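Chains A and B supply the protein sequences, listed in that same order.
Going letter by letter, the first sequence gives residues 3 to 430 in our numbering.
Going letter by letter, the second sequence gives residues 3 to 430 in our numbering.
No wet-lab data here; the hints were simulated from the structure.
Source: prediction; values computed, not measured.
Possibly wrong hints are sitting among the right ones.
What the hints assert, rightly or not - Distance condition first, Cα-Cα at most 20 Å in a straight line; then the derived EDC-like pairs of lysine to aspartate or glutamate:
1. K53/B / D69/A
2. K378/A / D405/A
3. K378/A / D37/B
4. K53/B / D37/B
5. K53/A / D69/B
6. K421/A / E376/A
7. K274/B / E385/A
8. K378/B / D69/B
9. K274/A / D69/B
Number of protein chains: 2
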Amino acid sequence: MGYNLPLVSAGRSAALEADQSDALAPYRNQFVITDPALVYFDGNSLGRLPKQTIAHLSTVINQEWGDGLIRGWGHGWYEAPHRVGDKIGSLLGAAPGQVIACDSTSVNLYKAVMAALSARPGRHSIVSDALNFPSDLYIIQGAIAHYGNVHNLQLVHSHDAELTVDLSAVEAAITTDTAVVLLSHVTFKSGYIYDMQRITAHAHAHGALVIWDLSHSAGALPMQLDSWHVDFAVGCCYKFLNGGPGAPAFIYVNRQIQDEVTSPIWGWFGQKSPFAFDIHYEPAAGIDRFLAGTPPMIALSAVESSLDMIVGVGMHAIREKSIALTEYMIALFDAHLAAHGFTLGSPRDAAIRGSHVSIRHPMGYQINQALIAEQKVIPDFREPDNLRLGLSPLTTSFTEVWDGVDRIRATVSAGLHHKYPAARKAVT
Amino acid sequence: MGYNLPLVSAGRSAALEADQSDALAPYRNQFVITDPALVYFDGNSLGRLPKQTIAHLSTVINQEWGDGLIRGWGHGWYEAPHRVGDKIGSLLGAAPGQVIACDSTSVNLYKAVMAALSARPGRHSIVSDALNFPSDLYIIQGAIAHYGNVHNLQLVHSHDAELTVDLSAVEAAITTDTAVVLLSHVTFKSGYIYDMQRITAHAHAHGALVIWDLSHSAGALPMQLDSWHVDFAVGCCYKFLNGGPGAPAFIYVNRQIQDEVTSPIWGWFGQKSPFAFDIHYEPAAGIDRFLAGTPPMIALSAVESSLDMIVGVGMHAIREKSIALTEYMIALFDAHLAAHGFTLGSPRDAAIRGSHVSIRHPMGYQINQALIAEQKVIPDFREPDNLRLGLSPLTTSFTEVWDGVDRIRATVSAGLHHKYPAARKAVT
Numbered sequence: 003m004g005y006n007l008p009l010v011s012a013g014r015s016a017a018l019e020a021d022q023s024d025a026l027a028p029y030r031n032q033f034v035i036t037d038p039a040l041v042y043f044d045g046n047s048l049g050r051l052p053k054q055t056i057a058h059l060s061t062v063i064n065q066e067w068g069d070g071l072i073r074g075w076g077h078g079w080y081e082a083p084h085r086v087g088d089k090i091g092s093l094l095g096a097a098p099g100q101v102i103a104c105d106s107t108s109v110n111l112y113k114a115v116m117a118a119l120s121a122r123p124g125r126h127s128i129v130s131d132a133l134n135f136p137s138d139l140y141i142i143q144g145a146i147a148h149y150g151n152v153h154n155l156q157l158v159h160s161h162d163a164e165l166t167v168d169l170s171a172v173e174a175a176i177t178t179d180t181a182v183v184l185l186s187h188v189t190f191k192s193g194y195i196y197d198m199q200r201i202t203a204h205a206h207a208h209g210a211l212v213i214w215d216l217s218h219s220a221g222a223l224p225m226q227l228d229s230w231h232v233d234f235a236v237g238c239c240y241k242f243l244n245g246g247p248g249a250p251a252f253i254y255v256n257r258q259i260q261d262e263v264t265s266p267i268w269g270w271f272g273q274k275s276p277f278a279f280d281i282h283y284e285p286a287a288g289i290d291r292f293l294a295g296t297p298p299m300i301a302l303s304a305v306e307s308s309l310d311m312i313v314g315v316g317m318h319a320i321r322e323k324s325i326a327l328t329e330y331m332i333a334l335f336d337a338h339l340a341a342h343g344f345t346l347g348s349p350r351d352a353a354i355r356g357s358h359v360s361i362r363h364p365m366g367y368q369i370n371q372a373l374i375a376e377q378k379v380i381p382d383f384r385e386p387d388n389l390r391l392g393l394s395p396l397t398t399s400f401t402e403v404w405d406g407v408d409r410i411r412a413t414v415s416a417g418l419h420h421k422y423p424a425a426r427k428a429v430t
Numbered sequence: 003m004g005y006n007l008p009l010v011s012a013g014r015s016a017a018l019e020a021d022q023s024d025a026l027a028p029y030r031n032q033f034v035i036t037d038p039a040l041v042y043f044d045g046n047s048l049g050r051l052p053k054q055t056i057a058h059l060s061t062v063i064n065q066e067w068g069d070g071l072i073r074g075w076g077h078g079w080y081e082a083p084h085r086v087g088d089k090i091g092s093l094l095g096a097a098p099g100q101v102i103a104c105d106s107t108s109v110n111l112y113k114a115v116m117a118a119l120s121a122r123p124g125r126h127s128i129v130s131d132a133l134n135f136p137s138d139l140y141i142i143q144g145a146i147a148h149y150g151n152v153h154n155l156q157l158v159h160s161h162d163a164e165l166t167v168d169l170s171a172v173e174a175a176i177t178t179d180t181a182v183v184l185l186s187h188v189t190f191k192s193g194y195i196y197d198m199q200r201i202t203a204h205a206h207a208h209g210a211l212v213i214w215d216l217s218h219s220a221g222a223l224p225m226q227l228d229s230w231h232v233d234f235a236v237g238c239c240y241k242f243l244n245g246g247p248g249a250p251a252f253i254y255v256n257r258q259i260q261d262e263v264t265s266p267i268w269g270w271f272g273q274k275s276p277f278a279f280d281i282h283y284e285p286a287a288g289i290d291r292f293l294a295g296t297p298p299m300i301a302l303s304a305v306e307s308s309l310d311m312i313v314g315v316g317m318h319a320i321r322e323k324s325i326a327l328t329e330y331m332i333a334l335f336d337a338h339l340a341a342h343g344f345t346l347g348s349p350r351d352a353a354i355r356g357s358h359v360s361i362r363h364p365m366g367y368q369i370n371q372a373l374i375a376e377q378k379v380i381p382d383f384r385e386p387d388n389l390r391l392g393l394s395p396l397t398t399s400f401t402e403v404w405d406g407v408d409r410i411r412a413t414v415s416a417g418l419h420h421k422y423p424a425a426r427k428a429v430t
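Next up, chain A with everything else stripped away, as it sits in the complex (with noise of 0.2 Å):
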């Protein structure tokens, strides 16, 4: 690994040491940072703006839009979904030609899982697990009423506390029965990481097809959607791949399927010749038959300019500075928050652990906003009791783990967290 972990007896300069000595330390510059002492562990849920992208966003909408007006279809918007999920497909594994980037996430989902349950007539089970994203299972939940409830969810619970899943019983649930297995390939509350590979193997095996949610893991971990055989995958552009909020989103089919699965939204840019205005709809080759409407050009945008930076540094590399940041959270956790009632969300093996870092405590909602409020600290709650730590590799830095670890502790030994309601609103 080419990290040395600061040593957490060494306090914060270390950390600092950490930093200066980090080949990845410069990226951090090239991200907007109004308040360098706010310590930032959301990424996970909204990546940080780059620079970059309000020079690109201004091209985009000043000369693309207010000059080119109609025109602005000469500046590759057309291309625009190919072009920017064919560099989403670069950092998974994927060649050019299986990733769109367009829709939202739920409406990829939704494409996809309509699709395989057509393509998988006769079978009755759908497989995924308790640790999924509940959008998932909602999508699947109305993809089922829309079939005419003749599928069965089977959700695989976890043997942890939410922890892990045993991938013997995931494995156990899928059968002959089984139509489609749909996983969170990094799960949004423990960052436990699937073994998308076996899972897909084995799903295969008994004739299943396989959709795989990467919202936790685009951008954060490699991955090989080809070589692992992958059917479908979905995922988010707005979390560690920093391409702004509510940013459109992906899907991958894999090329060795895409002709003989069909979207369920007949759109115009999924037909065959979308400006021959002919009135009989036929799939396009290839991807494109998961498109639905006209590129959203400005949202797209934001995510390639992103995309651009991302593919420049590599998965290899981010992975490598996720994992030493993710070890050094969970050193500072056992020298500084063990102590205090927390205990540790996520797996400590690194190999099967994503870029986040869950801390549970009894009173973790309380904690959240003492932090948000008074200690410039920004985590993530998930109920019932988990403080998400999301750290990005391109943006977090040794020292704000310190940080953000040693604001955690001070706030609980200080019992600031008291004063706040434990009942639960709709915030993030």
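Using the hints, position chain B against chain A.
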């Protein structure tokens, strides 16, 4: 009417005078116009960029995202789909709580079609017309395939070369077997305006639901969705609403039916309590259930900025100018273009004509190319022979209409179009 049409025989100076006395003329200065000599007749395909949108987007990008980060949600991001939706609704005769701005027009139409078919089980007919957007017909075809091909799409054909539709023929197609009637309020080629109230009432008398596509009427003409008892409507924000390329679209669901219908896409923003992270989906009350994923905040902010201006002007004033512009265009057509092989492709009766004028010519495709390449005129070509001239009331001036027609006449007189290819490529 508040406009005295410029006398065609008085030439360009009459158009200049009309601009000087036009109460809406100052709005043109509120848009980015980099080339005053450009005649832009394509605001019905991509509306111009409002100057205030540049400043507003800068605030959203730099302050709300860059500085606010996840705290950006405190800047009204949750409410944005409703807040923007209600502003759109105010242009459509829709009381608050019935319109949301989200997804693309195609995705919203898909939701509406699927919801409507699901609400009318046992009925097998879907009525539309051959003048509708092919993209709308694709969505219907997809829905039909999806429900197992038990529905028939009945397309009413135009009796006068795609100019208008015989309303009694549409009515005759609607029976007690009709599940849903889906039509474009303003047809995209001829600009014909449907009698929305009449068709809606007729459909309801037969127990059918209606879906109106407002892409070419929202922001161009007033309507009364509520008092006409429309069930569903969808539309686009990048045309007359000037929301930017690929802007989020909108969907209207009448309050009377909101709790009886469900979106096929069970997205987390359509869940009753998205941040409770309950794993069982329960649809939100009201229009919320038609939301899917996270609101696209940058793109949505561009829509909102433009709407703030349009709502301030009001649809009555906009429609008055729209009629004046199209009347003037047709008067100029009669005087200067009819003798050059053009025929009028839009209704002469302003009461059934939207905010564009189509002119047809056997060499329309070549003329379109010559105008763009040599004459600084941007029309919009639609198969087989339509030059669609969009007149956007807040940005198009009477002088622009004069200049545009004059340059079309000059182009055809000089035969400038003969050197351009007749073969159609995928262009605007």
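Next item on the list: Kindly indicate which numbered hints from before are broken by the structure, ordering the numbers from low to high.
Entry: 3, 8 and 9
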